[in-house]
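Residues per chain, in single letters:
2 protein chains.
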Amino acid sequence: MDKETVIFSKALADETRQRILKLICCRWLAVNEIVAELNLTQPTISHHLALLREAGLVLIRQEGKFTYYTLNQAHLVSCCGRLLINFAPQSEISTLVQNHLDTSTSPKEP
Amino acid sequence: MDKETVIFSKALADETRQRILKLICCRWLAVNEIVAELNLTQPTISHHLALLREAGLVLIRQEGKFTYYTLNQAHLVSCCGRLLINFAPQSEISTLVQNHLDTSTSPKEP
DNA sequence: AGATTATATAGATTACCGTCTATTTGTCAA
DNA sequence: TTGACAAATAGACGGTAATCTATATAATCT
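Protein chains in written order, with numbering that gives the first Met the number 0: chain H, 0 to 109; chain S, 0 to 109.
Hints listed in this document are in silico derivations from the structure and should not be mistaken for laboratory results.
Only a predicted model underlies this, so the values are computations on that prediction, with no experimental measurement involved.
Keep in mind that a hint or two might mislead.
As the list makes no split between identical chains, a pair holds if one copy fits it or if it spans any two.
Pairs of lysine-lysine residues, derived as DSSO-like cross-links and limited to a Cα-Cα distance of at most 27 Å, are as follows [to be verified]:
| id | residue 1 | residue 2 |
| --- | --- | --- |
| 1 | Lys-21 | Lys-64 |
| 2 | Lys-21 | Lys-9 |
| 3 | Lys-21 | Lys-2 |
Put together the whole structure using the sequences plus the hints.
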């Protein structure tokens, strides 16, 4: 059983977490900036960020008293790819993904 | 907010449901056949199948007193694609998926 | 050092979810 | 029509998870 895809799906299975991921998709945001965007308390946001961190879905950078988060796109791509390969092996897209994951994880040709 | 990706993720956010999807990935199985494979009661399996049905992840065919289920690969591909486009727009794979979804949902050229 | 701000953690509460047993509904065969 | 089997639904129960308030930890500023 592919446990990783279950962990991944659980991490995404909440509207608040998807809103957070959308916010930090292509940029680094500090926790208080995320709090300012969503209508929730700071501990709630920290809780969700901890879950996302455990799922490997965020990258973290500490800077002074600020902690910046951004979405780990590579891991998300890898997990979506595994879902496609596991559950849609007959789809054309799966072979595309398969090739992509192969070439993007192996070292470059000389 | 993309509600569909939340519904999709919730549907996958359980090990039992992923095991069911794996079983019915490329074939039609009756409920009692699924029950026989997993170590759970028939109502539990029916409950999960209902959730998967509401998420659009299964196709259903009635035949006499048997009800056959199979994984709806097209819908799974579409949802994974939306995850990638939403959350990994900078990834190479996203443009591949984008093109794939465009061409596979529009009518064929004459 | 003390005050202030940023974030994480602890603990409580409430709602939701996975599973079970019991029952209902629907289909077929005798 | 009755009996047997397939599947869905109802209701109960225990566990998990989302949110909050309160507090702890850590860094910065005066």
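A quick look at each hint next to the structure:
| no. | hint | verdict |
| --- | --- | --- |
| 1 | Lys-21 x Lys-64 | within (24 Å within a copy, 46 Å between copies) |
| 2 | Lys-21 x Lys-9 | both (16 Å within a copy, 17 Å between copies) |
| 3 | Lys-21 x Lys-2 | both (24 Å within a copy, 13 Å between copies) |
Hint compliance for this structure: every hint is met.
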